[in-house]
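Chains as they are written, first to last, in my numbering: chain A, 63 to 335; chain B, 1345 to 1617.
Certain hints may be false.
Pairwise CB distance ranges, derived in the manner of DEER restraints [stated by the list, open to error]: (1) B:1515 - A:63: 14 to 24 Å; (2) B:1473 - A:201: 29 to 39 Å; (3) B:1372 - A:233: 24 to 34 Å.
Honestly, the hints are just simulated from the structure, not real lab data. Fair warning: this is a prediction, and the values are worked out from it, not measured in the lab. C-beta atoms are modelled at their ideal positions from N, C-alpha and C, and glycine is treated no differently.
If you want the building blocks of each chain, they are given just below.
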Amino acid sequence: MPIITIYQGASGVGQELAEAVAQSLGYRCVGREVLVEASRRYGIPEAKLNEIVEKGPHWWERLLQDLRPYRIALQATLCELAQDGKVVYHGHIGHELLSGIGHVLKVLLTAPMPFRIEQIRGRQTLTDTAARHYIDEVDKARSRRLMAMFGADWRDPNRYDLILNMAKMSREGAKLVILAAASLAEYQPTAASEQAFKDLALGSRVHATLMASSSVRGSALDVRAEDGHVYVKGRVDHEDLEDEVVKLVKNVPGVTRVTTNIYSIPPEAVLGA
Amino acid sequence: MAIVTIFGGTFGDDEELARNVARKLRCPFVSRQIFVAASERCEVPEAKLNDIVEKEPHWWERWQENPRPYRIALQAAMCEAALAEDIVYQGHVGHGLLPGIRHVLRVLLTAPMGYRIEQVRERQGLDAKAARRYIDHVEKARSRRLMALFGTDWRDPEQYAVILNMAQMSAVAAENMIAHAAKLTDYQPTDESRQALEDLALTANVQAHLLTYPRLRHVNISVRAKQGEITLTGILPQSVSEYEVRRMVEGIPGVKNLTSDFVSIPSRVLRYG
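So here's chain A without its partners, still in its complex pose:
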């Protein structure tokens, strides 16, 4: 059976649905745990991660901040949590974190505005206009964040396998459709997709480890893994760091070989240019 990611978009019922699906399949249901784990493992304050995924950036933050480390930390953590494949992930951006893996079923939930307004008003006492305003703000902020992180709009239907409209079906109905999709031949793990998942897991783990190290953090590195063989390429701040990179990579469990293609430009040179 596939790994399932359910992105609730703004429907507000993602978690309950994910729990129901997980229960029927005997899966674990994972949500916020990924944020918590990512911050624990890779030394990013949880509040910061949460803010990045959930809230809109300040305009000046967008200029200053590279969001990649956060994405990679989340990716590495989710890959680890989903190692056995029996996971329903209902947190943010699951569909992007595991993109390119054949045995991942990516579900988006939608709901039209009036439905969402009702829901928000049920949870928080707001007027109709205020609720609409709130939803607009949340949506916009989310779009900006995800655009900055992945260069893709979360509302693009082509990024998912299945989109379900929660205003037009019950939670039970949605669960049954997701279960039916999960049993399709298309989403069953194959040797190739398992390998792709392992490569993604190892690559992101190595990458996140590098990003978490205080000495390498400022570098612009790309990491790719192929069956235990890790390729690192990119720029580091000075030459000595290359050895440091190799050492760090070799320490990551699962790495059998390291190939680097690293050049260095001292920061002074960049600033001087």
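Use these hints to put chain B onto chain A, whose structure you have.
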């Protein structure tokens, strides 16, 4: 059993798929028939009606023509087909023609641009650039037309219950998914939803009848039907009498009781503003 509407959206080969769904659900497949029936009703050649829904209007046509009569004719035809028995409809007007009916399962198929381009190239022997231009052109024209007809964007995911990404699953898998969803309790007709469909069908039928009357073609009479009770409201030109309208509507099968509340304006006022 549910009524199913399938719209190919950005995925081209939806007819075969819909036919197979119909076979699986053991109900009739309907597509062109709606156009044929509608063109008979509004006395417009089928080819013209097809153009109206599919092709880009001339800029002057957009001013001249009010698409309302066509929508009404299509709606009356669609309601009639859906009332007679459960159908699987394939085409680009189905999702908009049965608003508010709970036991209609609206399905949209999507596919990313790259996939579409491949499809078009295969069928028409175009190069990638020409294929992209062709797709853009077709979609833009269709969007405008559907916008004029229904006042909604067909790409808005909230109009559909289920959206399937055809780049991620085979046609057979999609067929199974749709057939599965159609059997959910959410889409089984209830007394209430059946009544809603009957009311909608009667409304559309009355509207379509009024349109066959040349002098009423451009008069906007609003029609409401509730369990055979018809309420007509609107503004009548002097050239048409309330009596005439009532006589026409009373003769329509299914009309049990008729209430009318018309305002008449002397034609002199209409003529001189």
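A quick look at each hint next to the structure:
| no. | hint | result |
| --- | --- | --- |
| 1 | B:1515 - A:63: 14 to 24 Å | holds (22 Å) |
| 2 | B:1473 - A:201: 29 to 39 Å | holds (34 Å) |
| 3 | B:1372 - A:233: 24 to 34 Å | holds (31 Å) |
Taken one by one, the earlier hints all hold for this structure without exception.
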